[in-house]
Every structure is written in structure tokens, then in C-alpha cells.
Amino acid sequence: MIFYKCYGNHDKNKDIDVDKLPEKERKYYVFDINNNNDIVRDNDDYDRNIECPICRSRKHLVVESILYWCNECKVPLYEQVCGCCGKKGKKFVKDCRIVFPEEKVLLEILLGKEQGELDNVSVWNGNGNIYYADGKNMKLKISELIKQETENIRTLYNERVQHINTDFFEQMVKRFITANKKRFDDIDDDAMVQIKKKVKDYDDREIFVSFSGGKDSTVVADLVKRAMGRPDICHIFGDTTLEFPETENYIKEYKRHNPKALIVSSRNKDKNFEELCGIVGPPSRVMRWCCTIFKTGAINRKIETIYANKTKVLSFQGIRRSESNSRNKYDRVSESSKISKQEVCAPIISWYDFDVWLYIMTRGIIFNKAYRLGYSRVGCWCCPNNSSWSEFLSKIHMKEQYEKFHAMLIDFAKSVGKKDPEVYVDSGNWKARQGGNGVKFAKNSIVNFERCVKEELAFNYELTREITPTLYELFKPFGRVVEQLGDKRLGEVYVVDANSVAVLRLQGKIGTKKLKIIVDHPELMRAKDAEEAKRKLDCQITKYQMCLGCRACESVCRFSAIKVRSFANDTNTVADKMADYHIDDDKCRRCQECVGHFSVGCYMRKVLSIKR
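The sequence shown begins at 33 in the working numbering and counts up by one.
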């Protein structure tokens with residue numbers, strides 16, 4: 033059962049900043065999603081963005097849930113009365129996922145049980161990674177279990193998994209489906225209505241499913257195909273090159289089961305994850321640069337290829353608010369912050385894990401087998417957001433990949449001067465890393481300059497990379513680059529506006545690192561003063577010094593004017609290479625969104641921020 037509560041300022045006579053109040057002092061107004069009088073929805077009904085009926089806002093909304101347990105049927109319930117046996121259930125957990133026979137085998141080994149002891153037990157994993165057997169807490173200490181030596185566990189698991197008895201499990205799933213039929217009907221109907229209404233805003237050729245191979249996108253793909261009556265709907269699979277082996281196998285299996293579906297894979301073939309980790313350090317929970325480089329950038333490029341002449345496309349995604357606190361305030365329909373021409377519709381935004389598994393089991397659709405092993409989420413197998421339990425599973429099921437990645441983390445810890453690299457890695461502290469302290473490449477984030485004493489709006493830069501023609505591309509957002517007007521002895525290049533009025537001049541010879549920029553008309557740069565003009569210049573200089581070809585800039589431009597191709601020069605290491613960064617003059621609208629979209633101009637600068 034889902035219910036909502038709001039801690040907004042419901043007393044209009046008092047001027048209170050409720051966000052600054054301690055948790056215990058907040059006053060909540062609780063309202064029932066099942067009571068139509070309590071529900072306020074913005075605009076169209078299908079959007080189902082629940083708001084507080086008093087505040088008329090989602091800002092201070094907290095969504096909570098409670099599931100029940102049927103002792104008779106040994107399954108979790110959405111509503112208190114079991115739809116299978118008719119008996120009342122007891123309060124259980126906020127959310128849960130099903131534990132498959134394959135994971136039960138591992139639990140038996142870790143707990144020192146004989147094979148088959150859990151065969152006839154209904155096991156579920158609740159919030160907080162707590163396991164329940166027939167509705168009772170198994171009281172496992174995951175932190176202790178995962179300390180066990182994995183070599184023997186792996187050997188024993190591979191032997192036992194060949195002899196799984198699934199009879200009880202299959203019957204339990206049938207009871208689970210029957211007991212929660214009303215909940216399935218409700219969420220299925222709601223999602224179908226949303227999808228059918230949203231697609232009316234688009235041509236069929238402007239719609240696709242963002243497909244990761246995980247359970248959520250699997251459900252969304254099934255919903256969209258049914259709602260649109262189109263088994264040939266386009267799926268864009270973001271192949272990060274860090275997928276689980278089970279994900280790769282699942283994509284192949286999905287294609288066999290859905291022969292009419294158009295499944296397009298997007299992959300950044302120019303980049304190597306391990307090589308980039310050596311340059312900028314591994315991704316962390318704070319800064320997951322891998323998503324931008326290996327997922328967003330690649331998907332954006334695929335969108336540009338498939339929907340070349342479209343300025344707007346609709347992407348159906350499996351985003352859910354219950355996945356994290358950061359997603360709790362997401363709207364069901366929104367503009368993508370990462371891919372500018374994409375509108376995102378998340379038809380299962382308010383679903384819980386319980387709902388997702390109820391849908392999969394009820395519909396009988398195939399899904400990624402990594403979930404059967406015990407993984408609660410299936411994305412990149414080495415994601416810093418993965419739990420310690422997921423890491424432990426990877427030690428068992430992905431021995432070679434895990435050991436290789438672990439060794440890479442140790443090498444990185446040594447390179448940045450960690451006193452005890454093993455402890456730093458094994459304790460998970462690498463996941464909390466912030467900025468680029470200790471990382472050699474981070475020095476490129478510092479923009480060195482001196483103001484010219486003779487000219488007020490002139491700046492002398494000492495670059496960390498030699499000047500190449502690619503530098504000029506970065507100043508096209510301010511105007512048209514005209515090399516013919518400049519003094520060749522100075523390596524001078526003009527940037528002019530539509531009326532051929534000089535906006536600024538670049539003076540620097542190819543192959544050198546000294547660059548002088550003279551701003552002739554800051555107002556033509558859309559700068560209100562000299563300082564703002566300087567900030568915009570610094571953004572572009574930062575891009576030039578730090579660009580690794582991550583393609584984040586491509587995703588920002590809604591006019592498809594930016595293309596980042598292979599590297600422009602041919603040095604030995606990626607860190608020394610400036611990507612072939614090109615801005616199409618015919619497509620560029622000089623909106624300057626690409627200039628300051630990221631912190632100080634460049635996404636990698638944001639990743640590698642250091643103390644100055």
C-alpha cells in the first residue's frame with residue numbers, strides 16, 4: 033500500500049522554512065492515493081504527478097509504502113487482504129524483491145546448510161538488504177557472510193546449481209500473482225493510459241524505448257509495445273562495454289523472442305574504460321563520469337543518426353522514484369537534462385520493486401538472468417553505486433573481471449599516494465572519491481592567464497596543450513571564425529558576428545602554447561561586462577585543455593551542431609590528445625548553451641576539480 037505525506041508549510045500565517053526544520057519538528061499531512069478527493073494532479077490526468085492537496089506542490093512530498101505478508105500463501109501482498117486465500121496479512125516491509133532458486137543455493141552454502149533446505153521456503157529480500165524466510169527475518173549479517181573465502185564457495189555453488197528443484201518456487205509465484213491481481217490491474221492500466229496519451233504528441237518515427245537490459249526497461253518495453261500495438265518499436269541499447277555477461281546473453285535472447293523489434297546498440301568505440309581510469313581515476317558515487325562517456329554520449333550520437341532531422345524525440349525510460357532519494361522528486365514526463373532534444377516519459381515512475389516483479393511474473397516475460405543470481409540492479413557490473421553484496425556476487429560469478437578491476441583500483445590508489453592501497457580499495461573508500469587530487473591530468477583544469485597591461489579587454493593565456501586549428505572551433509559559439517582577416521605573423525584569427533563586426537581576436541601560432549585573446553565587443557558575446565566575457569573565454573580554454581572526447585557537449589546541443597570525432601593529433605597517450613571537436617557553422621545558432629552548460633565549461637573539469 034502506497035501513501036503520501038507532506039511536510040510543507042500548511043500554516044499560511046507563519047513564515048517558516050520547513051526545509052531547515054529538524055526531522056522531529058516537521059509536521060506531516062498524510063493523504064491517501066486511493067482517495068480521489070485527496071489527489072491533485074497537474075495538467076493531464078495521465079501524468080499522475082501526485083501533489084499535496086494543501087500545498088499544491090511535490091516539493092516537500094514524501095512517498096512511503098507498506099506491504100503485507102500472507103502466512104497462508106507465504107507471499108507478500110500489496111493490500112492487507114490476500115487476493116488468493118482471502119485472509120488478512122500482517123505488516124511486512126516497505127518493498128521487496130523475489131529471491132530465485134539460484135540465489136537460494138548461494139544462501140544455503142553461506143549459511144552452512146545442506147542442499148535443498150531452502151527449496152520449500154518462500155524467500156524474499158526486503159529493503160535494507162534483509163532476507164526473509166516465510167515472512168520471518170533470517171537475521172543474516174551480510175557484512176560477515178561476504179568475508180568468506182570465495183574459491184570454495186564458487187566450486188560448491190557450481191556443483192549444487194545443477195540440481196535445483198523449482199517445484200515449490202513455481203507454485204509460490206502462481207500464488208503471488210493471484211494474491212496481487214488487483215494491484216497488477218491497477219498499475220498496468222495506469223501505465224497503459226499514460227503511454228497511449230503521451231504518444232499522441234509524437235509521430236511513431238519519433239519514439240523509442242531506452243533499453244538497458246535491466247528489469248525496469250524490460251517492463252517499459254513490454255508496456256510500450258502493448259500500448260502502441262507496435263512490436264517493431266525501436267529500442268536503443270546503451271552498450272557501456274561494462275555489461276554483465278548475463279546482460280549480453282539477455283539482449284540476444286530478447287531479440288529471438290522479439291524478432292520484429294528494432295534493437296539498436298550504441299557504443300563509444302573511441303574510448304577504453306581502463307585507459308580512461310588510468311588518466312582521470314575510476315568513477316565514484318559522487319562523479320560517475322562513465323555514464324556520460326560510455327552511455328549518454330553514445331546514445332545521443334545514435335539518436336542523432338536515427339533521428340537526424342528531428343528536433344524533438346520521445347524516449348520511454350524505466351526510471352523509478354523509489355530507486356534513490358535523488359529520483360524521488362522526478363516528474364513522470366520531463367525534458368532530458370543530458371540529451372537536449374529528448375523528452376523523457378517514465379510510465380513506471382511510481383512503481384516499487386514489488387510492482388516490477390509482479391508485472392514480470394504475471395506477464396511471463398523473459399528477463400535478465402543476473403537477477404536470478406541475486407543482483408538487485410543490473411547496469412554496469414563495476415558501478416560504484418553497487419552494494420557490497422553485489423561486489424561479493426561478482427567475486428563468485430565474474431572472477432576474472434573482478435580480479436582485473438580490483439588490481440586496477442589498487443594501481444590507482446598507489447598512483448595518488450594512498451598509504452594503504454588495499455584498505456582504501458577493500459573498504460570501498462574509492463567509491464567516495466571526489467575531485468582530481470593526486471591525478472596528474474587534473475592540472476589541465478587550471479587556466480593560467482595574465483591581463484594585458486596595454487589593452488583593457490585582452491588576456492594572455494599559457495596553455496597546457498599546443499595550439500591546433502581545433503582551438504578555433506571552440507570560439508564558433510561567439511561568431512563566425514575568419515582566418516583571412518588576421519595578421520598571419522601573429523597567428524591571428526578573427527571571430528565576427530552576422531554583420532562581420534569583430535567580436536574577438538585570437539593570437540597564437542600553431543604548435544605553441546601562448547595565446548592572446550582580445551575582446552572587441554563583449555556585448556556581442558552576450559556578456560554584460562568584462563568579467564562575464566572573461567568567464568566565457570575561460571570555459572572554452574578549459575574545454576581545449578581538458579577535452580578527452582567524452583561527447584558530453586554533443587548531447588547538450590539540440591541543433592546537432594557539435595561533433596566530436598577521432599583525435600586530432602597523434603601522440604602516445606590519450607591524455608595528450610585534443611579531440612577533433614567540430615562545430616557546424618550552418619547548424620550553430622550561437623545560443624551558447626554549450627559554453628557554460630557544465631561547470632567552468634567542461635564536464636571533465638567538473639570530474640577533476642582540485643584545490644586552487
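By construction, these hints were calculated from the structure, which means they are not laboratory data.
Treat the hints with care, as some may be off.
Here are the simulated DSBU-like cross-link-like pairs (lysine-lysine), alpha carbons at most 30 Å apart as the crow flies [claimed, not checked]:
(1) Lys303 to Lys595
(2) Lys287 to Lys344
(3) Lys520 to Lys173
(4) Lys173 to Lys548
(5) Lys171 to Lys301
(6) Lys545 to Lys463
(7) Lys541 to Lys463
(8) Lys303 to Lys257
(9) Lys257 to Lys450
(10) Lys373 to Lys401
(11) Lys472 to Lys344
(12) Lys401 to Lys450
(13) Lys344 to Lys370
(14) Lys303 to Lys179
(15) Lys472 to Lys401
(16) Lys344 to Lys334
(17) Lys450 to Lys475
(18) Lys122 to Lys232
(19) Lys122 to Lys171
(20) Lys228 to Lys171
(21) Lys179 to Lys145
The calculated label-pair distances, taken between Cβ atoms and stated as ranges, are [as the list claims (entries may be wrong)]:
(22) Val225 to Asp529: 47 to 53 Å
(23) Asp221 to Lys475: 54 to 60 Å
(24) Lys229 to Ser631: 35 to 41 Å
Please read these numbers as outputs of a predicted model, since none were measured by experiment.
All residues carry an ideal CB built from backbone N, CA and C; glycine is no exception.
> Between lysine 122 and lysine 171, is the straight-line Cα distance small enough, at 30 Å or below?
Replying inline: 19 Å, holds
> Taking only the CA atoms, is the gap from lysine 541 to lysine 463 under or equal to 30 Å?
Replying inline: Given pair lysine 541, lysine 463 is violated - Cα atoms ~42 Å apart, limit 30 Å.
>> Hinted pair, alpha-carbon criterion (30 Å max): lysine 344, lysine 334. Please report holds or violated.
In response: 14 Å, holds
>> Against the 30 Å threshold, does the CA-CA distance of lysine 179 and lysine 145 hold or violate the hint?
In response: 18 Å, holds
>> Next pair to validate is lysine 122 with lysine 232; report whether the Cα-Cα distance is within 30 Å.
In response: 43 Å, violated
> For the pair supplied as a hint, lysine 228 and lysine 171, is the alpha-carbon distance within the 30 Å limit?
Replying inline: Since the Cα atoms of lysine 228 and lysine 171 sit roughly 45 Å apart, the hinted pair is violated (cutoff 30 Å).
> Going straight from one Cα to the other, do lysine 173 and lysine 548 come out at no more than 30 Å?
Replying inline: 62 Å, violated
> Do the alpha carbons of lysine 171 and lysine 301 lie within 30 Å of each other, as the hint requires?
Replying inline: Distance of about 46 Å is beyond 30 Å: violated.
> Holds or violated: lysine 472 with lysine 401, Cα cutoff 30 Å?
Replying inline: 40 Å, violated
> Is it true that the CA of lysine 472 sits at most 30 Å from the CA of lysine 344?
Replying inline: Distance ~40 Å between lysine 472 and lysine 344 Cα, so the pair is violated.
> Are the Cα positions of lysine 257 and lysine 450 separated by 30 Å at most?
Replying inline: 51 Å, violated
>> If I claimed the Cβ atoms of lysine 229 and serine 631 lie 35 to 41 Å apart, would that claim hold in this structure?
In response: Once the Cβ atoms are compared, 37 Å apart, the range 35 to 41 Å for serine 631 and lysine 229 holds.
Against the hints set out earlier in the document, violations occur for numbers 3, 4, 5, 6, 7, 8, 9, 10, 11, 12, 14, 15, 18 and 20.
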